[in-house]
Amino acid sequence: MRQFIKRLRQDKVGLVGCIGVLVVVVIGLLAPIIAPYSPEQMFTKHTMEGPSGQFIFGTDEFGRDIFSRIVYGAQVSLKVGLIAVGIGATGGLFFGLIAGYLQGKVDQIIMRIMDVFFAFPDILLALTIVAVLGPSVTNTMIAIGIVFTPVFTRIVRGTVIGVKENEYITNAVAIGVSPIKIIFKHITPNIMAPFIVQITLGLSGAILTEAALSFLGLGVQPPDPSWGVMLDSSRAYMEFAPWTILFPTGAIVFTIFCFNLFGDSLRDILDPKLK
Amino acid sequence: MFKKHFLFFLLLIVTLVATACSDDSASTEENAGDSSVEQVLKIANDQEPAGLDPHKTPAHSSVRVYSKVYEGLVTFDENMKIVGQLAKDWEQPNDTTYIFNLVEGVKFHNGREMTAEDVKYSFERILNKETASHIASYFSNVKNIEVLGDYQIKFELTEPNATFLTNLTNSSAAIVAKEVVEENGDLQQVAVGTGPFKFKEWVPDSTVTLVKNEDYYIDGLPKLDKVVYYTMKEEAARLSAIRTGEIDLTTLTAKSASLLKDQEAVNVKGYQSLEYSYVGFNVAKEPFNDPKVRQALSLATDRQSIADIVWDGDAIISGPIAPSMGDWAIDVEKEELYQRNLEKAKELLAEAGYPDGFSTVITTASTYADMVDTAQLLQQQWKEIGVDTEIQQIEWGEYIDTWSNTSADILVGRNGSGTDPDRAMNYFFHTDGSANVWNFSNSEYDAIVEKGKSTVDQEKRKEIYVEAQKKLLNLSPNLFLVSPKNYVAVRDGVEGYTPYPHNGEDIDEVYKK
Amino acid sequence: MYTYIIRRILMLFPVLFGVSIFIFIVMRIVPGDVAMTILGTDATPEALEQLRKDFGLNLPLYEQYFNWIGGVLTGDFGESMRTGQEVLPDILNRFKLTFELTFLSALISWFIAIPLGIIAAMKRNSNVDFGVRIISLLGVSVPNFALATVIILILALAFSYSPPVGYVGFFADPLKNLEIMIIPAVVLGTSMAGAVMRMTRSSILEILRQDFIRTIRAKGAKERIVIFQHALRNAMIPILTIIGLQIGTLLGGTVIIEQIFSLPGLGQLVLTSITQRDFIVVQGAVLFIAFVFVMINLLVDILYSYLDPRISYK
Numbered sequence: 001m002r003q004f005i006k007r008l009r010q011d012k013v014g015l016v017g018c019i020g021v022l023v024v025v026v027i028g029l030l031a032p033i034i035a036p037y038s039p040e041q042m043f044t045k046h047t048m049e050g051p052s053g054q055f056i057f058g059t060d061e062f063g064r065d066i067f068s069r070i071v072y073g074a075q076v077s078l079k080v081g082l083i084a085v086g087i088g089a090t091g092g093l094f095f096g097l098i099a100g101y102l103q104g105k106v107d108q109i110i111m112r113i114m115d116v117f118f119a120f121p122d123i124l125l126a127l128t129i130v131a132v133l134g135p136s137v138t139n140t141m142i143a144i145g146i147v148f149t150p151v152f153t154r155i156v157r158g159t160v161i162g163v164k165e166n167e168y169i170t171n172a173v174a175i176g177v178s179p180i181k182i183i184f185k186h187i188t189p190n191i192m193a194p195f196i197v198q199i200t201l202g203l204s205g206a207i208l209t210e211a212a213l214s215f216l217g218l219g220v221q222p223p224d225p226s227w228g229v230m231l232d233s234s235r236a237y238m239e240f241a242p243w244t245i246l247f248p249t250g251a252i253v254f255t256i257f258c259f260n261l262f263g264d265s266l267r268d269i270l271d272p273k274l275k
Numbered sequence: 001m002f003k004k005h006f007l008f009f010l011l012l013i014v015t016l017v018a019t020a021c022s023d024d025s026a027s028t029e030e031n032a033g034d035s036s037v038e039q040v041l042k043i044a045n046d047q048e049p050a051g052l053d054p055h056k057t058p059a060h061s062s063v064r065v066y067s068k069v070y071e072g073l074v075t076f077d078e079n080m081k082i083v084g085q086l087a088k089d090w091e092q093p094n095d096t097t098y099i100f101n102l103v104e105g106v107k108f109h110n111g112r113e114m115t116a117e118d119v120k121y122s123f124e125r126i127l128n129k130e131t132a133s134h135i136a137s138y139f140s141n142v143k144n145i146e147v148l149g150d151y152q153i154k155f156e157l158t159e160p161n162a163t164f165l166t167n168l169t170n171s172s173a174a175i176v177a178k179e180v181v182e183e184n185g186d187l188q189q190v191a192v193g194t195g196p197f198k199f200k201e202w203v204p205d206s207t208v209t210l211v212k213n214e215d216y217y218i219d220g221l222p223k224l225d226k227v228v229y230y231t232m233k234e235e236a237a238r239l240s241a242i243r244t245g246e247i248d249l250t251t252l253t254a255k256s257a258s259l260l261k262d263q264e265a266v267n268v269k270g271y272q273s274l275e276y277s278y279v280g281f282n283v284a285k286e287p288f289n290d291p292k293v294r295q296a297l298s299l300a301t302d303r304q305s306i307a308d309i310v311w312d313g314d315a316i317i318s319g320p321i322a323p324s325m326g327d328w329a330i331d332v333e334k335e336e337l338y339q340r341n342l343e344k345a346k347e348l349l350a351e352a353g354y355p356d357g358f359s360t361v362i363t364t365a366s367t368y369a370d371m372v373d374t375a376q377l378l379q380q381q382w383k384e385i386g387v388d389t390e391i392q393q394i395e396w397g398e399y400i401d402t403w404s405n406t407s408a409d410i411l412v413g414r415n416g417s418g419t420d421p422d423r424a425m426n427y428f429f430h431t432d433g434s435a436n437v438w439n440f441s442n443s444e445y446d447a448i449v450e451k452g453k454s455t456v457d458q459e460k461r462k463e464i465y466v467e468a469q470k471k472l473l474n475l476s477p478n479l480f481l482v483s484p485k486n487y488v489a490v491r492d493g494v495e496g497y498t499p500y501p502h503n504g505e506d507i508d509e510v511y512k513k
Numbered sequence: 001m002y003t004y005i006i007r008r009i010l011m012l013f014p015v016l017f018g019v020s021i022f023i024f025i026v027m028r029i030v031p032g033d034v035a036m037t038i039l040g041t042d043a044t045p046e047a048l049e050q051l052r053k054d055f056g057l058n059l060p061l062y063e064q065y066f067n068w069i070g071g072v073l074t075g076d077f078g079e080s081m082r083t084g085q086e087v088l089p090d091i092l093n094r095f096k097l098t099f100e101l102t103f104l105s106a107l108i109s110w111f112i113a114i115p116l117g118i119i120a121a122m123k124r125n126s127n128v129d130f131g132v133r134i135i136s137l138l139g140v141s142v143p144n145f146a147l148a149t150v151i152i153l154i155l156a157l158a159f160s161y162s163p164p165v166g167y168v169g170f171f172a173d174p175l176k177n178l179e180i181m182i183i184p185a186v187v188l189g190t191s192m193a194g195a196v197m198r199m200t201r202s203s204i205l206e207i208l209r210q211d212f213i214r215t216i217r218a219k220g221a222k223e224r225i226v227i228f229q230h231a232l233r234n235a236m237i238p239i240l241t242i243i244g245l246q247i248g249t250l251l252g253g254t255v256i257i258e259q260i261f262s263l264p265g266l267g268q269l270v271l272t273s274i275t276q277r278d279f280i281v282v283q284g285a286v287l288f289i290a291f292v293f294v295m296i297n298l299l300v301d302i303l304y305s306y307l308d309p310r311i312s313y314k
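Residue numbers (my numbering), protein chains in the order written: chain F, 1 to 275; chain B, 1 to 513; chain H, 1 to 314.
To be clear, the hints were calculated from the coordinates, so they are not data collected in a lab. Check the hints yourself; a few may be wrong.
In silico lysine-lysine, DSS-like type, Cα no more than 30 Å apart, as pairs [to be verified]: (1) H:Lys-176 - B:Lys-226; (2) B:Lys-344 - F:Lys-45; (3) B:Lys-178 - H:Lys-53; (4) B:Lys-471 - B:Lys-81; (5) B:Lys-143 - B:Lys-154; (6) H:Lys-96 - B:Lys-200.
Computed spacing ranges between beta-carbons, pair by pair [said to hold, decoys possible]: (7) H:Phe-171 - B:Lys-285: 56 to 62 Å; (8) F:Phe-43 - B:Glu-78: 41 to 47 Å; (9) B:Thr-498 - H:Met-295: 53 to 59 Å; (10) F:Val-132 - B:Glu-333: 42 to 48 Å; (11) H:Asn-58 - B:Thr-158: 27 to 33 Å; (12) F:Gly-104 - H:Asn-127: 50 to 56 Å; (13) B:Asn-128 - H:Met-295: 41 to 47 Å; (14) F:Ile-33 - H:Val-128: 24 to 30 Å; (15) H:Leu-92 - B:Thr-498: 40 to 46 Å; (16) F:Gly-104 - H:Arg-124: 56 to 62 Å.
Where is the CB? At the ideal position from N, CA and C, for every residue including glycine.
Taking the hints into account, I'd like the entire structure generated from these sequences.
Take a look at the structure:
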């Protein structure tokens, strides 16, 4: 861990990304303190006003404070990102470990099912799942989570199979160590590096996918202040009130950019052969 | 190897630049040769047509196309008076019998003459169960159709019906040719009517092309040679296409219309629509089974701010009959339940047994921004009397299902109040009304609207509907909100175009200058 | 090698079978009723019942599935419930557009990404490398629908330009076709470029570290020759993989771009028919997209093994 921090410090770009991510996280956590207004409060006398002292990012068509909505939007984006990736990672870990460890028939069945999901382009799969479940924050997270599961499963399975060939694992099996113990003591630590890299990259992917689904009206639902929703609902007025689209776009780009910077240098550090 | 690729890219770029340049020069030439302007009208359609069969397809994106190809027996003139179309005139020997005399010498686009047999066939097709026509219910009281001669046909009804002629003006009550139906199975992919334009081609999700009917029976019409409908689902894309002149005509939202106010070479025409937005309650369910709760919510609703924010100020506060229906509509703004009064609302809630308010869910369609916006405003307004709501948005397909099964407690939507008060009052709120999905039932109200339907005397009919509207507002099975304006943007050079509430896109007289 | 390819092709069948079952079931449990969506609020219950019967929705599920898949296997994808149009010809027609858009975007992205990736690798850890890295990350970080809307806005406001309306095929009118496609392709291409750029850079770096390159360098070959003749060829393998994957993703991912630019492609077909609950069209289109997707993956894998003889085929 100490070495990890040291290497991160050497990589200036990664450090910037890391700080950016922290900023977004802190904004999300402290939203109620940072935001001057409630994200849903409507100042009906001040609809579509440009940035001013009272509303530093301006107001939207309902007279809601865009700054406050962006601040609370960080919360929504992070929540969707974390939980969706969490679902995908947990699912991937579960199926990947089983498939990689047991191999044989079970492996075949699991991987063929994953292949079916792989046969769909991401957005299309997410869209179909949301259509079944109905659009909402929870269902968006579930849909993105399902979409991510096959990637994680493949990574975990591949690593498990690689690690299993190692002599010390073969020895452990030979002396009768229980499979669960082998998985947790020997295999899990080995898959952490590629796994963590995929999680960081997945986070930005999830936030983007959420924005795309919301753009199609199938993601997070108003009045929840998701950046994707803000982008979608202000698109029609962008010439009239460019700030309604400028700031949410900026927030998305900044967040994803930082996550990618961070993920990129994480990959370099944790997975040196890819550098 | 890399060099070869590079050359290819270079070529590609050159081609692209050439494309851009060559096209520019082409368009300047076009503008220069002004002596004879091409009589082609390009219209942007915000949705893809859902098939072209007039008897089977109620979707607006389809109607706007097939209503140019097909005609009915009668139609509305600009003042919403019923006038003949394929019927020259008609008489009414008694309350339940109509005899129509047809215009002679009208030809279908396949060259065959249209006769009374075709009229009979068309209505039989609408009424045939297997057609599954959406307007079958409009003509369910037709007892008998009899051909009296090539150009004369008789309709007999089961009972007097004040709405029969109005129903005939519906674009879906179109006269179709039997042989075309038989040849194609249905009319979803073809269109052969008697109207001013002939159907030429439909490229899915892209264009529908109509061309001038040279043999049209009214001399000098239509004036255009060709009409092309482009499917452009994005508002932003339509906006930029009308700005740059890629299209000649498009419908717009109020917000976009205000953006185009100062745009050169583009005129924005607005007209009051026949639609209104509403809040529908499942009145069988607590707490909405208590009229006091519904009235309280009406008192807590600020309709003017809905008009201001959702429709940019261009909407009129409406009752169950949209104000553009003229005399039929009562002046709702004077009604007590339309005056925002939070104190009174809280009192009513307390009387109903909810002194601290309650929580509920508003369901609406994500497909329409105005509905979602309305729901968000209601959420804020109702909060002030302690009614906490959550908004659930569903897609259009699911929304219609929810609507018809009354599976939501509160539904926010938009209704067309139709061209006859019967639709607004009977169809939506009679106990047996086909669109009364609210579980609403009031025998006194039923009796009033039944009387309205069978009263042929216009003055008496008006009085009846005034009573019906007052009664309905008081019972508030729905809260009627506002009736928006519709907007059409037209390029300069498009002449002779005026939109009406009942016909937003009359292009028979339109030409380009 | 051939047995490997044949084995891979055989493996496609269970996958496509799985896809067909998945999408069939999904379309049956999606809430919403196609008959209701078509007939709207004026419909009588009898009319609705009749329509459902016409579509065969009253049959048991397994029968519906076999009727459909039986048709598909004989090349009959059925007719759209909404427009009565035959599904397969419509899909093939739209596929041309989506394929062209995908291909153009890919070209544009290579044109931007591969040279930049090479430069970054050659000047590793310099300011140029740093700049390229930032640009590539920015490319990945801007949502393409935001980029598309902003571009439409700028073109219309500043240059009074909007892409021509009404799609025409490439062979009908190549110039107009390219004019229509170029902006959407640039939008998609730039967002794709980032990943290709990154992959190019890291693969070339990896190759450059390898022994055979050192040997060539030690022999005194020019750096340019080292890069273009030796490193790039070997680096193509991972680049190809990512390109293959992205072309596949683009095929489905053009949904939003097709919608914004009013292009009648496959993505738009799927989106519209999901909203309208036109099961037959959704099933056919999704199955088709999945088919193309797995075929591209297969092609990439075959190419991969062709380029890199180190891979063994069991």
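Structure-based check of all given hints:
Among the hinted pairs, Lys-176 of chain H with Lys-226 of chain B is consistent with the structure: their alpha-carbon atoms are about 21 Å apart, no more than 30 Å. Proposed proximity of Lys-344 of chain B and Lys-45 of chain F is supported: the alpha carbons are some 25 Å apart, at most 30 Å. At roughly 23 Å between alpha-carbon atoms, Lys-178 of chain B and Lys-53 of chain H fall within 30 Å of each other, so this suggested pair holds. Using a Cα cut-off of 30 Å, the hinted pair Lys-471 of chain B and Lys-81 of chain B holds, with the two alpha carbons roughly 28 Å apart.
For the hint linking Lys-143 of chain B to Lys-154 of chain B, the alpha-carbon distance of about 11 Å falls within 30 Å, and the restraint holds. With a C-alpha separation of about 23 Å, the suggested pairing of Lys-96 of chain H with Lys-200 of chain B holds against the 30 Å cut-off. Hint check: Phe-171 of chain H to Lys-285 of chain B, Cβ distance near 59 Å, so the stated range 56 to 62 Å holds. Range check, Phe-43 of chain F to Glu-78 of chain B: Cβ separation about 43 Å, and the 41 to 47 Å hint holds.
One distance hint, 53 to 59 Å for the beta-carbon pair Thr-498 of chain B and Met-295 of chain H, holds here, with the actual separation near 55 Å. Evaluation of the 42 to 48 Å hint for Val-132 of chain F and Glu-333 of chain B yields a pass: the beta carbon distance comes to about 44 Å. Under the hint 27 to 33 Å, the C-beta atoms of Asn-58 of chain H and Thr-158 of chain B, about 31 Å apart, fit the expected range. Roughly 53 Å separates the CB atoms of Gly-104 of chain F and Asn-127 of chain H, a value that falls within the hinted 50 to 56 Å.
Roughly 46 Å separates the CB atoms of Asn-128 of chain B and Met-295 of chain H, a value that falls within the hinted 41 to 47 Å. A beta carbon spacing of about 42 Å between Ile-33 of chain F and Val-128 of chain H contradicts the range 24 to 30 Å that was offered as a hint. In this structure, Leu-92 of chain H and Thr-498 of chain B meet the distance hint of 40 to 46 Å, their C-beta atoms being roughly 43 Å apart. Distance hint for Gly-104 of chain F and Arg-124 of chain H: a CB-CB separation of about 44 Å, inconsistent with the stated range 56 to 62 Å.
Taken one by one, the earlier hints fail for this structure at numbers 14 and 16, listed in ascending order.
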